[in-house]
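Here the structure of chain A is known, so what remains is to put chains B, C and D with the ligands in place on it, guided by the hints.
Those protein sequence lines, which keep their order, are chains A, B, C and D.
1 is the number of the first residue of the first sequence in the working numbering; add one for each residue after it.
1 is the number of the first residue of the second sequence in the working numbering; add one for each residue after it.
1 is the number of the first residue of the third sequence in the working numbering; add one for each residue after it.
1 is the number of the first residue of the fourth sequence in the working numbering; add one for each residue after it.
Since the hints were derived computationally from the structure, they do not count as laboratory data.
Incorrect hints may appear among the rest.
When the alpha-carbon atoms are kept at most 30 angstroms apart in a straight line, the in silico DSS-like pairs for lysine-lysine are as follows [as the list claims (entries may be wrong)]: (1) Lys120(A) to Lys152(A); (2) Lys261(A) to Lys87(A); (3) Lys261(A) to Lys232(A); (4) Lys282(A) to Lys162(A); (5) Lys311(A) to Lys282(A); (6) Lys171(D) to Lys149(A); (7) Lys150(B) to Lys64(A); (8) Lys282(A) to Lys129(A); (9) Lys64(A) to Lys40(A); (10) Lys26(B) to Lys6(A); (11) Lys232(A) to Lys171(D); (12) Lys6(A) to Lys318(A); (13) Lys172(B) to Lys64(A); (14) Lys171(D) to Lys284(A); (15) Lys153(A) to Lys282(A); (16) Lys87(A) to Lys150(B); (17) Lys286(A) to Lys171(D); (18) Lys26(B) to Lys64(A); (19) Lys266(C) to Lys302(C); (20) Lys318(A) to Lys286(A); (21) Lys284(A) to Lys311(A); (22) Lys87(A) to Lys215(B); (23) Lys171(D) to Lys318(A); (24) Lys153(A) to Lys284(A); (25) Lys129(A) to Lys162(A); (26) Lys232(A) to Lys129(A); (27) Lys171(D) to Lys282(A); (28) Lys282(A) to Lys149(A); (29) Lys318(A) to Lys172(B); (30) Lys172(B) to Lys87(A); (31) Lys266(C) to Lys316(C); (32) Lys261(A) to Lys318(A); (33) Lys40(A) to Lys26(B).
Listed next, the stretches of chain C that the computed footprint assigns to chain D, with coverage defined by at least 3 CB atoms under 8 angstroms from CB atoms of chain D [what the hints assert, rightly or not]: (34) 309-321; (35) 331-337; (36) 357-370.
Sample of chain D residues with no beta-carbon within 10 angstroms of chain A, all distances over it, derived [claimed, not checked]: (37) Arg140; (38) Thr155; (39) Leu191; (40) Val195.
Note that the structure is a prediction, hence the values are computed from the model and not measured.
Glycine is no exception: its CB is placed at the ideal position from the N, C-alpha and C atoms.
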Amino acid sequence: SAAAGKYTIGISNTVQGNGWREEMVCAMKAQALASGEVTKLNIAHRNTDAAGQLEDIRNLISAKVDAIVVNPADPAGIKAGLEEATKAGIVVVAVDQAVTEPSAYIISNNQEEYAYLGAKWLFQQMGGKGEVFYMRGAAGASADSDRDKGFKKALAEFPDVKVAQEVFTGWQQDQAKQQMLSFLATGTPFNGVWTSGIDNVIVDALVESQAPLVPVVGADNAGFVGQLSSVKGLVGAAVTNPGSIGGAGVTLALQILDGKKPPQQTVLVQPQLWENATEEGKAKLKAAADPSLSPEWPVSIMIPDWTTYTKEQIVACKGPGE
Amino acid sequence: MNHFLRRQGWVIGLFALLVALFILTKLIQPGYGSGDFGSLARAVLPYAFAVAAQTVVVIAGGIDLSVAAMMALTSVTAASMMAGASEEYALFVVPFVLAMGFVLGALNGLLIVVTRVPDIVVTLAMLFVLQGAALLVLGAPGGGAAEWLKALISGTVPIPGLPDAVDAWLPKALLVLIFCLCVIWIPLRRSRLGLSIYAIGSSELAAFRSGVPVKRTRILAYALSGLFAAFGGLALTMSTGIGAPIPGPYLLASVAAVVLGGVALGGGKGGLLGPIIAVFVLRLVRTDLTLLAIDPNVTAIIEGLIMVAVVMFGAFITMRGRQQ
Amino acid sequence: MTTSPLLDASGVAKNYGAVAALRNASLSVLPGEVHALMGANGAGKSTLVKILTGAISANAGRILIRGEARDIRSPAAARRAGLLPVYQEPSLIPDLDVLSNLRLTGTPVEPFRAWVRELGIPDLDLRETARDIPLAILRVLDLARALAVEPDVLLLDEMTAALPANLAEKVLEVVRRQGDAGRAVIFISHRFVEIAALCDRATVLRDGETVGVVDIEPGVEERIVELMLGARIVKTKVQPRAAGQNAAPAPARPRIAVRNLRVGSKLSDVSFDLADGEVAGVVALEGQGQDELFAALAGSIKPNGGTIEVDGSQVKFTHPIDAIRSGIAYVPGDRSEALAMQRSVRENIALPFSAALRNWGPIPMRKERDTVLGAIQRLQIDTRAQGEVQRLSGGNQQKVTIARWIAADARTILCFDPTRGIDVGTKQEIYKLLRELAGHGKSVLFYTSELEEVQRVCDRVIVIFNGRLVDIFPVEEADEPALMRAAYGLPRGAKADVGILADPSATSSDSPSPNASDAPEASP
Amino acid sequence: MRRANPIASRPMSTSAITPQSIPLGRRIKRFMADRPLVPLVILLVILVVILQILRPGIVNERWIANTIKFAIPLAILAGCQTMTMLTGGIDLSVGTVATMSAFIMATQIVNQDPAVAFLLAMTPAVLIGLVNGIGVGVFRVHPLIMTLGTSLIGTGCLQVYQRTVIASGAKIPDFLAWLGTGVTWGFPNALLLFVPLAALIVFTLARTGFGRLLYAVGDNERATRLSGVRYWQVITALYIVSSLLAGITGLLYIGLIKAPSLSLAEPLVLPSVAAAVIGGTSIFGGRGGYTGTIVGALILTVLTTLLTILQMPEGARRILFGLIVLFVTAAYLRIVEDR
Ligand SMILES: Nc1ncnc2c1ncn2[C@@H]1O[C@H](COP(=O)(O)OP(=O)(O)OP(=O)(O)O)[C@@H](O)[C@H]1O
Ligand SMILES: Nc1ncnc2c1ncn2[C@@H]1O[C@H](COP(=O)(O)OP(=O)(O)OP(=O)(O)O)[C@@H](O)[C@H]1O
Ligand SMILES: [Mg+2]
Ligand SMILES: [Mg+2]
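Bound-form chain A, shown alone (with noise of 0.2 angstroms):
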């Protein structure tokens, strides 16, 4: 169905309901469309395993879609599924994680960059020494291990830094508040919070339970982004996580499809911290600041040189032919 230089493109996803997702699927969309080059997506996107995933590429393989777009369950266990594709002449680009099969294209946030670098700041904001409380994302995810290491790395660096109490948010709002709040009550003295992207229930907690506001880093959340500017007193750090990387990734794929392939399989989008300790990082918040994105969309919704639409598109989140 290249007919004229069109494609047909397909997208897989295994999390639903998460702002993070959604705004990766919502860039894909928009990307498709402001390219120009999409006539049809053709999207699998619920909340599976890796198996699912497995399951979603060859139906999407069986749909004869040009390339496949996929944010892997898990790097290695979809393996089969991209290797089939690309024997069928399929082109398949990985977002925001990595996958083993050789074949595929990766353009990819850094995990581990992304929990280093926000670690590194908190140790160093709390003074090289303390107590740190550690809230991780799910148990068991993939994302979820690769930024572990990166945090471990950061804390091997600074000796002086404990890790007070360490949990699983899930990624879930209401467990991390929960989580927090009972983690004060206990009253044991900490010194900062490194979150794994649950990020404003968390200063909602400390302001609401009037704790010692300690420095917090999160990541680019809409609503985490709003509060760094505007509650007093939080000093914090948002680590860029950009959903947008599914617009990169379509326009990855379009670039191969059109014959331009890049030099290496793997692209690297690296993070950035976007700090209120200081004026610059303060100006770089401000800049960056949405309040009108819904408080769990990152607000990078775009990322230069990867991405060609405008906001307006990504937040209509319309694909081509909608």
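For chains B, C and D with the ligands alone, kept in the frame of chain A given last:
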């Protein structure tokens, strides 16, 4: 013949629905062929085992909420044991993991019998326990699987005496599924134990009075459920090549397919064929939704509607039947 | 007799919480004997059977089989020891077909088939699911299944209670022959005529204790009744009521007028009236359409034709609530169908008060309590265990089902076999109650499976056969033989014997009659 | 899913004749069996004491307020389960309904009058309740499947809806935030909503015709029919009430969490079932009550805290959680079933 029709009516109807769906699929995607059918069979595999696990306990008058967690645990166990190990070692891993599923399933049953806590609560608690155990085995997705295991469910085998065109429609995954289920289910169904499972689900009191060892049968039903779940866990490892400690969407899917398959949630009625066909129907619906490039958010609505509509339709038929 | 007992139980006790179901029961059965186990409702007969067959465990007691002490812990163990029960409730697995049920219990099929034929069911389909088989047939299959393994001791708990006469006869014949074959049978029944026709000796239980063992010989009934009831002796003989006695003067128009009522293929062209202040009896063999008649009047099923008029205006019931609104209440024969077993007596009696949408709001507790207490007192319900109806004895449960409609002040009560499985004393109370209701101007439609009750309670009797109303008797003419003939569809005045049990010479003086029957070969 | 063990002798009466001399232990057991709330409260206290021993000083005013704040939404959802379980049903759609009303409230409040936003937020709750009720009450679909199906449909609709409002952003109404997170004189403001609501549920179950019917229908549906009850009316009303309660929970919960998401209340569904069961409501119908459920919800919340502060691998934590839930339920059954 009359009895057969009355008893198997639902299954026949479901099969007709499946055939209709295949025709629809062919219309949507004229290129839909044997390879795609192979993909379907592989997608069905873990669901089919999950639903078999659920079916056994539902027939015995219970319910098992720990199916998906059991699959996760057996899957990570298999994957972590096979990681970096030799191909032959897997010959030991497979029976070990199956035995583990059997024993843990029996534990489910034992707890229900001993504590007299309702099955739904015991298996809910076990869901957490098994999930925790899976996390202890593997903190993050990983591990490996022997190549021969992975090969076991991909592609087709040439069956002597059958033309290739037919062979191609008999993917290995389907044969594995049929083999595993038949080896356990058919002898079971014919055995005294199988009858006893139906009996305790139909009427525990009458079963007890007919001399059925109710407690032992209940424990064995859960053990069998654990065994099927272990098959499901292995199927996950075989298809993905890894083990993931977070349970997949198999619990709710298994309950839905059991009901769609004509097994009453009160126990004592139905068989395994219906739920398995129901799994094929549900997976094929998903394939069609993907082929049609339906808005993914609408697919959730459609899947929910199908489930509710089919079950309501079934209820409607039974109601009509009762009135006449 | 000098032979040693086949089964010898003594000192058996069983407690349920604070209640003793059995205190000190003993039972000794000789080979070749048919031994009756008798007692009022709740005396502990079924409990004893369950203990002997391992279905429940006793708190105390000793059980010897052929002189050896045995500890029987499960029905399977009892089976191995040669004890086979047919319990009061059918124990075939409802969702399995007959064949699978046989395989489940390891019963040989051919002997089973032979017994089934012998017991009067010539064309049984072994592939039929037990759920689809009528209750009476199920009971017979249960028996055939027990007979097929040739047990040493056969325990039959109210085997004949739900059977039509023709099947009951067959059962009695077969059971009698078991004794001849050297096996022992323990036979529980509330019907003296069966005991007299069948048994050699009887053990009588009262309040969980064995109070006597008697040989069955003519005239022993009085003695058994005395033993069963102990202090609360009740007169068991009643004078037949004469028409007009107590009956209200015939009103201008009937309370309920049924015309040409038709329900499916089960009931056709039934017409009769029911007046205020009248108890009208309904007599029919099993399955002749009486169930459908009651259900249609109660609004449970929709008739296919004909009309029902209440107080002169035609009604159409689509749900029991419609019937209740017209003042018609239905008391089903099966208590478990009418009661919420885990709820209190009070809630059960007050249930109809909350039924209508407008009564879903707050309950006027005081008013409710007064009404409920009134009904409880009127029926003399023993409320020691009123927290949960399931803890009441069977008779008291039955009273609760009626009390509900007394409290709701229903004008017409449809009673379907209210005395099924109830002891003599409670039966008397229920008869009295029905008459009292009529005395207060209510109307009662009363189906009974025991013909002797008719003359005690009713003003008129309607006989139904094969879905048609065949006759209406005034009470004076409704003696048992006449009713029996009519129930079999024989025209009034014809003289033909109907089964051994209808023959008055074969039974004792107060000859209660067997139940109804669907007797295929008895139809003319 | 049927009545557990009819063979084992049934729980026995305690109101019958009581002989004079009973050993103390047995008397205590009797006492607890008569008042099933007592052992539950004792279990709760034991958990709190363990917590205090593990982390001295943790049990303070603030902790209690926090615990209550988080227990309340759970307790209301568990109330839905209690009522549906009394009729032998279950309502798995409460999580979706709560999430929907929360999300719609947070997005509609941006350009709508609060009253309008409230009505809009409660609309899907009523609709889903109605559909559940008709499915279960009229078509006799198994409640598990029916509510699961509507919950899938609801989630799908919410996803579609979410796309149409991304642009408008979301806001948590101050009133809900005050209700959800505020504390006045040491008492969480949420109690202002919860205490009357709980009293209403308890009253409904014990003293109204509707409550009576719930128990009776769950116990013996045929008997209620013969008494003139229209099953579908009771069931439809029940599932609508359940959904409305879930909707209200959603509003309260969004005030507490202050972050609208598409899976907001989903994690509360299984615990709500567990809370009702721990609180002594039978999933087979006819037996149970709401006061026990409230204590059940508190027990679960305290347990979660207890496990959070324990330093152990996440896997071990989950194992412990499962085992404790099982143990608590089993122990409670043992105590209450005086035999
Ligand atoms: N499980 C129980 N718990 C509490 N009380 C009980 C229980 N079972 C029976 N009772 C009470 O013991 C008393 C005697 O009951 P029983 O069943 O022996 O009566 P019964 O003689 O059978 O009467 P009926 O002829 O009416 O059946 C009744 O008041 C009943 O409420
Ligand atoms: N499971 C039980 N729980 C509590 N009480 C029971 C139970 N089973 C029987 N009982 C009580 O034990 C006593 C004896 O009951 P049983 O059924 O043996 O009487 P029965 O002589 O067979 O009466 P019937 O003629 O009505 O069949 C009754 O008081 C009854 O209430
Ligand atoms: Mg009794
Ligand atoms: Mg009995």
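Comparing the hints with the structure gives:
1. In summary, the hint linking Lys120(A) to Lys152(A) is supported, as the alpha carbons are separated by about 10 angstroms, within the 30 angstroms threshold.
2. Proposed proximity of Lys261(A) and Lys87(A) is supported: the alpha carbons are some 18 angstroms apart, at most 30 angstroms.
3. Only pairs whose Cα atoms come within 30 angstroms are accepted, and Lys261(A) paired with Lys232(A) is rejected, the gap being roughly 49 angstroms.
4. Under the criterion of a C-alpha separation no larger than 30 angstroms, the hint pairing Lys282(A) with Lys162(A) is consistent with the structure, at around 28 angstroms.
5. Between the alpha carbons of Lys311(A) and Lys282(A) the distance comes to roughly 22 angstroms, so the proposed pair stays at or under 30 angstroms and holds.
6. With a C-alpha separation of about 36 angstroms, the suggested pairing of Lys171(D) with Lys149(A) is violated against the 30 angstroms cut-off.
7. For the suggested pair Lys150(B) and Lys64(A), the alpha carbons sit about 25 angstroms apart, so the restraint of at most 30 angstroms is met.
8. Note on Lys282(A) and Lys129(A): the hinted pairing holds, with a Cα-Cα distance of about 25 angstroms set against a maximum of 30 angstroms.
9. Proposed proximity of Lys64(A) and Lys40(A) is supported: the alpha carbons are some 12 angstroms apart, at most 30 angstroms.
10. Using a Cα cut-off of 30 angstroms, the hinted pair Lys26(B) and Lys6(A) holds, with the two alpha carbons roughly 24 angstroms apart.
11. Only pairs whose Cα atoms come within 30 angstroms are accepted, and Lys232(A) paired with Lys171(D) is accepted, the gap being roughly 20 angstroms.
12. Between Lys6(A) and Lys318(A) the CA atoms are separated by roughly 18 angstroms; this keeps the pair inside 30 angstroms, and the hint holds.
13. As the CA atoms of Lys172(B) and Lys64(A) are separated by approximately 23 angstroms, the hinted pair is consistent with the 30 angstroms bound.
14. Annotation: proposed proximity of Lys171(D) to Lys284(A) holds, straight-line Cα distance about 24 angstroms (limit 30 angstroms).
15. Only pairs whose Cα atoms come within 30 angstroms are accepted, and Lys153(A) paired with Lys282(A) is accepted, the gap being roughly 27 angstroms.
16. Proposed proximity of Lys87(A) and Lys150(B) is supported: the alpha carbons are some 18 angstroms apart, at most 30 angstroms.
17. The straight-line distance between the Cα atoms of Lys286(A) and Lys171(D) is roughly 20 angstroms, inside the 30 angstroms bound, and the hint therefore holds.
18. For the hint pairing Lys26(B) with Lys64(A), the CA-to-CA distance comes to about 14 angstroms; that is within 30 angstroms, so the pair holds.
19. Between Lys266(C) and Lys302(C) the alpha-carbon distance is near 13 angstroms, which keeps this suggested pair within the 30 angstroms criterion.
20. Using a Cα cut-off of 30 angstroms, the hinted pair Lys318(A) and Lys286(A) holds, with the two alpha carbons roughly 28 angstroms apart.
21. For the given pair, Lys284(A) sits about 18 angstroms from Lys311(A) by alpha-carbon distance, which is consistent with the 30 angstroms threshold.
22. The suggested pairing of Lys87(A) with Lys215(B) is violated, with an alpha-carbon distance near 53 angstroms, which exceeds 30 angstroms.
23. Taking the CA atoms of Lys171(D) and Lys318(A), the gap is about 24 angstroms. The hint holds against a cut of 30 angstroms.
24. Annotation: proposed proximity of Lys153(A) to Lys284(A) holds, straight-line Cα distance about 27 angstroms (limit 30 angstroms).
25. Annotation: proposed proximity of Lys129(A) to Lys162(A) holds, straight-line Cα distance about 8 angstroms (limit 30 angstroms).
26. This hinted pair checks out: Lys232(A) and Lys129(A) have alpha carbons roughly 24 angstroms apart, not beyond 30 angstroms.
27. With a C-alpha separation of about 24 angstroms, the suggested pairing of Lys171(D) with Lys282(A) holds against the 30 angstroms cut-off.
28. At most 30 angstroms may separate the alpha-carbon atoms for a hinted pair to count; Lys282(A) and Lys149(A) meet this at roughly 29 angstroms.
29. Between Lys318(A) and Lys172(B), the direct Cα distance comes to roughly 40 angstroms. Violation of the 30 angstroms bound is thereby established for this hinted pair.
30. Taking the CA atoms of Lys172(B) and Lys87(A), the gap is near 20 angstroms; set against the 30 angstroms cutoff, the hint holds.
31. Distance restraint check for Lys266(C) and Lys316(C): the Cα-Cα separation of roughly 19 angstroms lies within the 30 angstroms cut-off, and the hinted pair is therefore satisfied.
32. Our distance criterion of 30 angstroms between C-alpha atoms is met by Lys261(A) and Lys318(A), whose separation comes to about 27 angstroms.
33. Distance restraint check for Lys40(A) and Lys26(B): the Cα-Cα separation of roughly 20 angstroms lies within the 30 angstroms cut-off, and the hinted pair is therefore satisfied.
34. Chain D is given as covering the stretch 309-321 of chain C, and this holds because 3 residues of the stretch bring a CB closer than 8 angstroms to a CB of that chain, at least three being needed.
35. Coverage of the stretch 331-337 of chain C by chain D holds in this model, with 3 residues showing a Cβ closer than 8 angstroms to a Cβ of that chain against a need of three.
36. Note: the stretch 357-370 of chain C has 7 residues with beta-carbon separation from chain D under 8 angstroms; the three-residue rule is met and the coverage holds.
37. A cut-off of 10 angstroms between C-beta atoms confirms that Arg140(D) is not in contact with chain A; the least separation is 30 angstroms.
38. Listed as outside the interface, Thr155(D) is inconsistent with that label: its C-beta sits roughly 7 angstroms from the nearest C-beta of chain A, within the 10 angstroms cut-off.
39. Residue-level check passed: Leu191(D) sits 16 angstroms from the nearest beta carbon of chain A, beyond 10 angstroms.
40. Residue placement check: Val195(D) keeps its beta carbon more than 10 angstroms from all beta carbons of chain A (closest about 21 angstroms).
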